Structure formats: structure tokens, C-alpha cells
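Enquirer: Spelled out from the first residue to the last, the chains are:
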Amino acid sequence: MKKQILYFICETTFSDPSKISDSTLLFDEGIFDSMGLLKLISFLEERFGIKVDDSELDASNFGSITAIASFLERKLLL
Amino acid sequence: MKKRIHEFVCKTTFSDPNKINYDMLLFDEGIFDSMGLLNLISFLEEDFGIKVSDSELDAANFGSIDAIASFLERKLN
Amino acid sequence: MCGIAGFIDSEKSLSKVEGEPILNRMMTRIHHRGPDDCGLYLEKGMGMGNVRLSIIDLAGGDQPLSNEDGSLWIVYNGEVFNYIELHDELIKKGHRFKTHSDTEVILHMYEEYGADALQYLNGQFAFAIWNAKKKECFFARDRVGIRPLFYSIVNGIMVFGSEIKSIFEFPGIKRHFSPEALKEVFTFWTTLSPNTIFEGIYELPPGHFALYKEGHLTINKFWSLRYSTASNRFDRTPEDALDQFRYLLSDSVALRLRSDVPVAAYLSGGLDSSATTALIKKVAPGFLNTFSIGFADNAFDETKYQEEVSQYFQTNHKSIVCSSSDIAAWFPKVVWHSEMPLLRTSPAPMMGLSKLVHQNGIKVVITGEGADETLAGYNIFKETLIRQFWARQPKSKIRPLLLKKLYPYLPNINQASASILRMFFGYRLDATDSPVYSHLLRWQNTSNIQKHFTAGLNEHLKDYHPIEQYAERIRPEIDGISSLAKAQLIETNVFMSGYLLSSQGDRMAMANSVEGRYPFLDFRLLEFTASLPDEFKLKGMNEKFILKELMKDKLPSSVIQRPKQAYRAPILDAFLGLKVPDYVSDMLSPGNIKECGVFDPVSVNHLLSKIKTSQIPSEIDNMALVGILSVQLLFNQFVLDFKSLDKKDILKGKIRNNTSDILENKVY
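Chains as they are written, first to last, in the numbering used here: chain A, 113 to 190; chain B, 832 to 908; chain C, 469 to 1136.
Hints are computed from structural coordinates only; laboratory data are not their basis. Predicted, not measured: the structure shown is a model, and the values here were computed from it. Glycine is no exception: its CB is placed at the ideal position from the N, C-alpha and C atoms. Wrong hints could be hidden among the right ones.
As the list claims (entries may be wrong) - Pulled a few chain C residues facing chain B out of the computed Cβ check, cut under 7 Å: (1) 857; (2) 866; (3) 873; (4) 874; (5) 999; (6) 1003.
Whenever a hint applies, use it, and build me the whole structure from the sequences.
Expert: Have a look at this one:
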């Protein structure tokens, strides 16, 4: 799952996969801007069939690849 | 307390102290805009040491100097 | 207005015969700053020169200029607007003048008061005074750095000049980028004084003077802006403040109209330049030329407002329309003149504007820079107050929503929830104790461009933390001042002096031999506005409040009420659209990028792909593109090669320190 997320992020932001680790802070380091975030959410909703609520949009769920993967796992378990 | 609040309001909005009554609706009458509210709350938090939460941000507590003073009193007790 | 340059060799190894051609080439490099005359001072081991843009005392004020006995000589770039009053005082003290110029007044002020003279000078200046008896050179630069002065000390020789390109003309000066300076530019939008982008080339910081004697340079500060603390704040009524503000701004404009050639005005359509124009009209009713830029791209255009103000004041208005292809075509010349990497294309239209002014035979324009910094006009000021307010209740869902008010034109922000705002605007939200809190977000965002540096460069820079260093540097200055004042101090010192007045101001105007004058930067006005309580500047959401109050019935209301339009120029179309000039692909080619060694070609390629496929590229990516392109241009123009001057262009300056001239010694 983390690999899929990493792959998607690098593809849409034209980033070098070797420069993004699981713990890289995606927003502080400017990997994502607001458009990128929206694309990521669409990707997660479509690819994994989950729904992301406004209230779930924060750094603890989306700040890094590790965070996104955890968030995704929890959603899929529901 | 009401005097201090009144003084703050008049000074930062360049209003004539005689024209601002304690029961005047500060937002409806355009004395304050949103940044003005920010300045007011900052003033209360700094000068009186209180904390204002989201649920307390409404006209009932901040609409007029009377309202602000009552709110402040409740917080300090 | 002018350009100056020179060299001081304490070992006296350079003879007059050797020094003259070098000096002439140095002056030729900055000929655009002074097309009217070129004068030199030469002795064994020392030479300095001036290229003159004649504005005051057209017949008499040629430089270099000496005092009565020839012991002191000055080369001077600038205008000291209160020169008439200073002249009268000096006459009473027994000084004798041979010209009517402000240049000579400066020289005699120095003769009378030494470095203390600087406290009395009201204006914009950079000058060098050579003491031929003591063999020492005094340098000074105005309080906020309106006029430039660069120097380098190599092998015991001090070389100085109004622009770095004149220093590069001196033999033996190396031309390399400084890695630390690169990191600074891609953090602060400019290098931090005294650094320039080039290793070993420095600037005399604004508000400082220096003495070069026997191979040593000592630098001292003569002025810094002190914002008020609770104990010394302006405490009279708003009406008193308004009266004082009116008096100072009007006097500032009046002083800046002193000239022996016509003075015109820039009209951007915004409040500041409309205000300066209104005051010009009040002080000097009658014919006034005004100039402005329009953009072919509607998103940036302000023509409607410019025309409204011009009609309101019945000015003789001229404007140019600037398109994306203009910006692309002008950009290499813009970079050549700015001598600094650029993150925005905003300087380019300013150069088009000064060209229009020059074509119309005008040498001097009055313009509105400085008001946004001194009267809290920029969004960053409101943003920092909101962040600070939010930081007290970081989990609040309501507090961050205030940010939406700042950016009504950004759709993504307006639809955003508090959580999203937290992710993009919440960077180090709780760092409210930092001296540079107001600028943390902007500088962090800009620093992200450094990911495009080569791995080697980033490795080299990993222990250099310019933000922290700068924060410690200003810590003593910010004691007891308000959060708003802190933000203003940083914005004035870093953004205004380091970028706005230089790259976008002096360099762009001087490229076409035009002198800009800035009423809002009169030092009395700077000191006055710094003494005011916050609410006189930022009243709630209402920025530049005291200026709006002053102009209430003196300008069309549409100008007072319109929301602040940030002055921006197009980027994407210029460099990535159709019909882009060849140099763009050359500069951004992997080969050129690799040769320059600052950026990683693979990373740059990714950036270009990302921008090209994006509907709305982010602001930072836009800045990265302009930044990379300008670094490549600088590399090619200055580092890789520094094209020799064409023999036919080289000036032959008149040597003004021939003994016969001194003996002649005319006085009035």
C-alpha cells in the first residue's frame, strides 16, 4: 500500500522516489500543494473505495506516507 | 472592566467614546470587522489571561461591550 | 543620479597610466547610469570615476569634485534633497562653493562634520570621498539602500562600484557564485546584506558608512529604524497623527521635486502612487507627465484605475502594454541589470516602463515604493496576526478561517476547511516566540525550491541555517516592539531593501538612465510611521489606514476602496508558452544546467514536466522556474563568460584632478 501511495505521489508531483521516504513531511517540504492534495484524495477514494470526511483532512492523517497508509488501513477495516 | 473594554474598542477603531454605548451592536454597526474581532479577542486573552474556545465565539458573548463584560466576568470566576 | 566606481591600491602598484584604461572600462560598464558625462580622478594607486545623469546644476555639477584646496574629492550617486538648506548653513560656517550642485554640498558637509554629516542628509545616495592628503577613502550609503554600492577587496586592493559589473572589469576579480548566497536567495528572495550572489563581492549595507585606510576597511552603522515600544509610542490624538503625516509626506514630495530637469510620476493605479501624484499636483499644480504599465493579460492589468487617476488629475499620461512575449524578450537584460537571481518577473515591466520614460525625454520619476512596508499594506502582515491568534487555540476550526479573507482570489483557499488550512498555513504555527515568526511560512515555502539544487550543493549547505542566523541577528532590534512592527522591520530590511528597491527599483530604472525618487522613504517619515501604534497603520482589515484617511477626499473613491492588488507579472506564458525565445531552452537544457552546477538537471526536468501538465501550477513552482532560469542567465552572463566591452563603446572620461584645474578654483 505504501508503495502504491509513493508511486502515485511521485507521478503526480514529478518527484524523485528516492528523495521521499515514508516519514517525509509532505506539506512542510512542499511536495504537495492544494491541487496535489485534492488529487491524492480522489485517488484514495477511487482506488480504495473509501470516503474521506472534511474533518479527517489533517496532518496526522496525511502528513506523510506512513500517516496516509495508517489512515487508509483504519478506513478499510471499517 | 467595562471601561477598559470601552477604551480598547474606541482606541483601536478610532471611534468617539461618546458615540459608543455599552449596549451598541459592535459588529452589526460595523465598528469591528473580522480582524477587529481578532484584535479584541487577543486583547482579552493577553490582558485578562483567559482562553476563548470556538464554541464561545458568538454574538451572545461579543456583540456589545455589555456582552463582552459579562462573558469576561464568567470566565474569570 | 549617476554611477560611481573606483579602486584603491594601498601598495600603489598601479600607475596613473595603467589605472586610466581600467577605470574607463569600469565606467563604461555602468554608462547607462550616467549618459551625460564621464569624469575621473587619478593618482598613483588610486582611481575613481563618475558617469553622470545631470539633474541638479546641469552646467556646473560635473564630477569628480573637490573642496577648496583639493584635499578631498567626491564621486557621488544620488540626490540629497535638503541640499539647499545645508548649503546655507555651510556658507555661514565659512565654506565656499564653486557649483550649485548637491554633490558639492555633501563634500563640504563631510569636511565640516565627518561621518556625522550623514545624520543631516535627507535623500538617497551612495558616495566615496577620497582624502588625498591622508590617503583614506570614506564611503556611505543611504538609510534604506535606495542607491547601491558594492565592493571587493582582493590582494590588498579595494575595488568598488555602483554595480557589480563594473567591479568585474577590474583585473583579478573572480566571478563565482557563493553557495551560501544561493541558499539565501532561495529562502529570502534576496541575499542577506552584505552578501551578494557572487563570492567575495559585498555591498555596503544600507545606513552604513565605511573607511578604507592602509588596507583595512572598517564599517559602521549610522542609522537604523527603531519601531516604538510601549514607552515611546506616539501618544497624541489620531488627528495630530494625521496632521503630522500630512505635513511630512507633503514636504517629502516637495523636496523631491527639486530638480533642474522635469520630474514625472509613475501611476500604478493603486493608492500609493495615486497619493504621491495627488501631492505633487498640490505642491506644483500645472503640467505633470505620468507613466504606467498595462498588461495584455487581464489578470494583471490595472489600466482602468490608472486612467481614472490620470483623468482625475489631468495629467499627460502615457503607458505601455506589456505582453508575455515582451517579458520573455526583456528577461535576459533584466537579469544582467539586477545582478541577482529573480523569483518573479515583476522587474521586467519596470524596465519597459523606464524605457518609455527615457524615450519621452524624462530623467526623474516620483514613485510610491515604501508605503506597503511602512504602513502595513501587504497581506503578510495580516497573515502573521491571524497565525498568532490561531496559535493560541491551534485546534480551533474557526480561527484559521480568517485566512480566507486574505485571499479572496484563490479558489482553493476559499473552499478549504480549517483542516486543509492547517496543513498549508499551519507551518510552525506555535513558533510565536521566533523573531521571524511572521516570515517563517513564506521562507519555508520558498526554501522548498532548494530541492532542485544538486545533491552536492545541498550537502555543502547542510550546516548553513540562514533563517536561524538571521533570527538571532535581529533579536536585539525587536525587543518590546509589536508583532506587526516586527514583521514590518523584517519586510523593510530584507524584502524592500534587498529586492524591491534594488532589483525592481534602482536597477530597472537606471537601465534606461532614469532616476526614481521615493517620498515614502524620507527618513523623517520612516521614523514617524515607525512610532505610530499598530492601528494607525492596520485598522482591523483596513491596511494603510492613515494614508487612506489622508487621501479620503483627494482621490477617486474607487482607488481608496479597491482591495490591494499585488503587483505581479505573467510567468508561464512568457517562458513555457508557444513562441518562446531560443535562449529559454538553451538556459534550461540539461547541458547548461549541469555546467552551471547549481541545479540538478533531472530535478529541473521534472519541474518543467510538472508545470507543463498542470492546470494551475503552484506559486512556488512558478518561482522555481523563474529562479532557475535567472540563475542560468547569470551564470552565462557573468560566470562562464563576461563578454569584453566593444572597443568603440569604451568611454574616455575627463580627468578632473589636473593641477591646472585646481589652481583655477572658481568660487561663487
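Enquirer: Holds or violated: the hint that residue 999 of chain C contacts chain B, with Cβ atoms closer than 7 Å.
Expert: Since chain B brings no Cβ nearer than about 16 Å to residue 999 of chain C, farther than 7 Å, the hint is violated.
Enquirer: Using the nearest Cβ pair, does residue 873 of chain C come within less than 7 Å of chain B?
Expert: Where the cut-off is 7 Å and the nearest Cβ of chain B is about 6 Å from residue 873 of chain C, the hint holds.
Enquirer: Residue 1003 of chain C was flagged as interface toward chain B. Is the shortest Cβ-Cβ separation under 7 Å?
Expert: holds (5 Å)
Enquirer: Please check whether residue 874 of chain C passes as an interface residue: C-beta within 7 Å of a C-beta belonging to chain B.
Expert: violated (10 Å)
Enquirer: Holds or violated: the hint that residue 857 of chain C contacts chain B, with Cβ atoms closer than 7 Å.
Expert: Cβ of residue 857 of chain C sits 5 Å from chain B, so the hint holds.
Enquirer: Double-check residue 866 of chain C for me: the hint is only fine if its C-beta lies closer than 7 Å to a C-beta in chain B.
Expert: Holds - the Cβ of residue 866 of chain C comes within 7 Å of chain B, reaching about 5 Å at its closest.
Checked against the numbered hints above, the structure violates hints 4, 5; every other hint is satisfied.
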